[in-house]
Structures are given as structure tokens and as C-alpha cells.
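Colleague: Here is what each chain is made of, one letter per residue.
2 protein chains.
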Amino acid sequence: MTGCFYGVGVGPGDPELLTLKAVRLIQNADLLCYLSNEAGHSQAKEIARFALDETKRSQQRLPIVIPMSRQRDAANAVYDAASALIAKALDAAQSVVFLCEGDPLFFGSFNYLLERLQGRYRCQVVAGISSLHAAAAALQRPLTQQEQSLVVVSGRHSDAELLQALATHDSVVILKAGQARSRILALLKRSGRFDQGLYLEQIGRPEQRIVGDLAELENKAGPYFSLFVVLKK
Amino acid sequence: MTGCFYGVGVGPGDPELLTLKAVRLIQNADLLCYLSNEAGHSQAKEIARFALDETKRSQQRLPIVIPMSRQRDAANAVYDAASALIAKALDAAQSVVFLCEGDPLFFGSFNYLLERLQGRYRCQVVAGISSLHAAAAALQRPLTQQEQSLVVVSGRHSDAELLQALATHDSVVILKAGQARSRILALLKRSGRFDQGLYLEQIGRPEQRIVGDLAELENKAGPYFSLFVVLKK
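So the protein lines, in turn, are chains A and B.
Take the first sequence: its letters are residues 20 to 252, numbered as in the numbering used here.
Take the second sequence: its letters are residues 20 to 252, numbered as in the numbering used here.
To be clear, the hints were calculated from the coordinates, so they are not data collected in a lab.
Using N, Cα and C, we set each Cβ at its ideal position, and we do this for glycine too.
Among the clues, some could well be false.
What the hints assert, rightly or not - To spell it out: a stretch of chain A is covered by chain B in this simulated footprint if at least three of its residues, at any positions, have a beta carbon under 8 Å from a beta carbon of chain B; those stretches are:
{"id": "1", "stretch": "33-47"}
{"id": "2", "stretch": "96-107"}
{"id": "3", "stretch": "112-125"}
{"id": "4", "stretch": "130-137"}
{"id": "5", "stretch": "182-191"}
Using the sequences and the hints given, assemble the complete structure.
Modeller: Here is the structure:
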């Protein structure tokens, strides 16, 4: 009997937004994996710190360091190596948890490991609170109601795609808004929905910032983990 | 000092998908509110049952029974009466929790209470796992990756709206698919994305059903809590 590979969402940043299932699986894991930077810092592990502190028995750790370069080859080699180590643990009937910021299957790196192990090993995914729902909770505004529609796009989409999303759907969430902030502000004006826009960064963390009036937002690039929410009034 | 009104998401059905924060607030609540049918059954309360069992001290309960009719007047009168009772508890410095299936601000009834109390009382929202992320976890398929876009529509949208969503976005989730199932199946064929469609009902519950090949799905109405997920291969 081989072990099971779990992708476990730890939510957007508040350690209390881990699910009971996430805590149980983290505490029972034989091998705990997570993305990490070269200095050893892991945002996902940081969010899960209370679950980790309560771990009584020895548990192996596998930090996965993805090269900063945009070249997919280098990243693919790291995922290949990590999935080989995970496969070895699964062959030894170990339980392996990969910690994922937010939700594992909503814009994240988990799928790079999942697609390498799926089919060969038992896999299970534990959903986490995504930035979508964390944003709505922070704003205390419904993301969607009744007959409304919602679209999720990103600052990497073209002007035409963003304008079409804004023209077509009641609720629009624009993720990865850091580099594209100025362009998004201009498009919100062109679409006539500037006054419906709200801006958030670092949701659920001590550095959380919410801007309810976009006229007050600096017209320059911001952090990667920032987003716009556009809601009908 | 008045009390705080909390909208607390309990997730899609699996009691282990409650967050630590949800459990804490439920256990500390002086007044616990939830939607209920006339027979006294509440899906949200059922999902939260383990948190409730551990409640040691006396806690008041407020089941809110919304009339089945589609008339908004009757429902509004019930929300008016419930929010008056909640306001009274808040005036007495009590902590009030309203249990929400899934996420409180993603298609739900919580906003009917929130809009009646917001501004007058302290309010806080605790995000929950929505059916979106529960579906992706059950399917073990990424909802979105990299430059993809996601749209969430419902079986109540028009043919034109559904076809446009299918033509424009990589990932399409169609909620409230019960009554509209036959129409959705026909539209998936027209859009050329029938083979990318997946069907789910009762996610995370013992009755959970996943249909990976839509040719095997009966061409007739299904339960309210059913949805289609259409993902690029």
C-alpha cells in the first residue's frame, strides 16, 4: 500500500483560516512540502505555523525552491526532482502534504506536482479559502447575488479582454494587479466602472490594505498579491 | 459596547472543511442563527454539527424560516424580523453568528441580514470554502492556471449569456444547474465544449456524484445543488 499525496490549501494569510482537515493532515504528515525562497522563507509554511507547532512527532520537511527566472525549463527540473522525492516517500507508504497558499487548484503551483503524480499514486485535494472569498469578506460586500455573474481575470490579460469582462459581467475580480495597476485604473475609467472598483493587497495579513475610493490609489505599480474587485452598486 | 454580528461560512458539506475561526466563533456565540426549513432542518447547522457538539455553555438558537414562495415581500418580512431579534442581542453586547453554507458572500442569504445591520453594528465576515473550490478539489483538476480566466454563471442565465461565457473564457462554472440541465447540455454541444464538461452534485456529502463523461448524464432536471465545470483540456 503506497501513501497518499495531499494538496492542502492553507488560505490567504490568517492562520485561523486553515480548515480542520488541513490541520489534521498537516499534523499527521510524514513529509511536509512547500515552496520556499532561497533564504528558506515559505509563505505557505508561515501561514500554517500553528498547525506545525503542535506537531509532536518527527516529520520530514521538503522545501521546494523554484528559480526566480521566467524560464519554464529550470522550474520544470525542480518539479521533476521534487516529485521524484515525493514518489519515493509515497512508495514507502508515507503520507505527503504539499502546503498551498489560498486554494490548491486556483492559480497555484500545486498542479505542477499533481500532474506528475496523478494516476500513479493516490492523490487528494483539500480546498482552501481563496483570495476571491477573502477579498469579499474583508470588504463585507457580496461577490455575487441571485442572478449575477462573476468573472476572474488577471493583470496579464489584454486591454480588450479586461474591457470585455468589465462590460459583460456584474462582478469582476482582477488578480495579479501589481505590475498592471496603472493600466487597470485607465481601463476602469474607460469602462465607466471606476467608481465601482475596490483595491486590496495583503488580505488577512497585518499589512492588509483596502482602498475603497480608487481616486486615492497611487497610479503606479504595486505588490504582486494585490487585486481589484468591481461590484455593481 | 454592542456585540458583533458574524457571518460565518461553514463550507460545502464536509464538517472538516470548517475553518478554525468558524469553530471558535460558533463555540463562543451567544446567539446562533441559521436558515431552516419548516420541519426544523438546517443544512448549515448540520454541517457545523461537530462545532456545536463541543459547545459547553448555554447558547441561544434562532432558526430563520424563509417561506417557500418566490415572493420577495414574505421573505423580506422574515429578514426584517430576524434582524430585529439580532439587533436586540447585539444591543445586549451578545456575540451573534449566522451560519452560512459555503461562503457567506458567494450567492447566499447572509447579505439580506448584513445589509440590514451594516453601519449600525460591528459586522465581520469569515470566508468559507465555496462550491467553486470544492468542485475543483473533488475533480482534482485546476480551476485556473497561469493566464487563464474563469467565469461563474448560473442555469438562470440566458442561452446567449451562457454561450458567450463558453466562447470567451478558459474555465466556466455553471451553478444552479438543476432545472436547466437539459438546456445546459444542449448549449455545451452548440459551443463545441461538451467533451470538456464535468458534472457534480452534493459535493463533499455522502450522496456526492461526479459525472466525468457528460454523455452518461441523464438529459433531465436534477437537484438544485448541482453544477457544471468546463475546463480546457
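Colleague: Indicate, hint by hint, whether the structure satisfies it.
Modeller: Going down the list of hints, with the structure as the test:
1. 33-47: Three-residue rule met by the stretch 33-47 of chain A, so holds; n is 10.
2. 96-107: violated (count 0)
3. 112-125: Holds: 4 residues of the stretch 112-125 of chain A have a Cβ under 8 Å from chain B.
4. 130-137: With 3 residues close enough to chain B, the hint holds.
5. 182-191: Check passed, 4 qualifying residues.
This entry does not satisfy hint 2, going by the numbered hints stated previously; all others are met.
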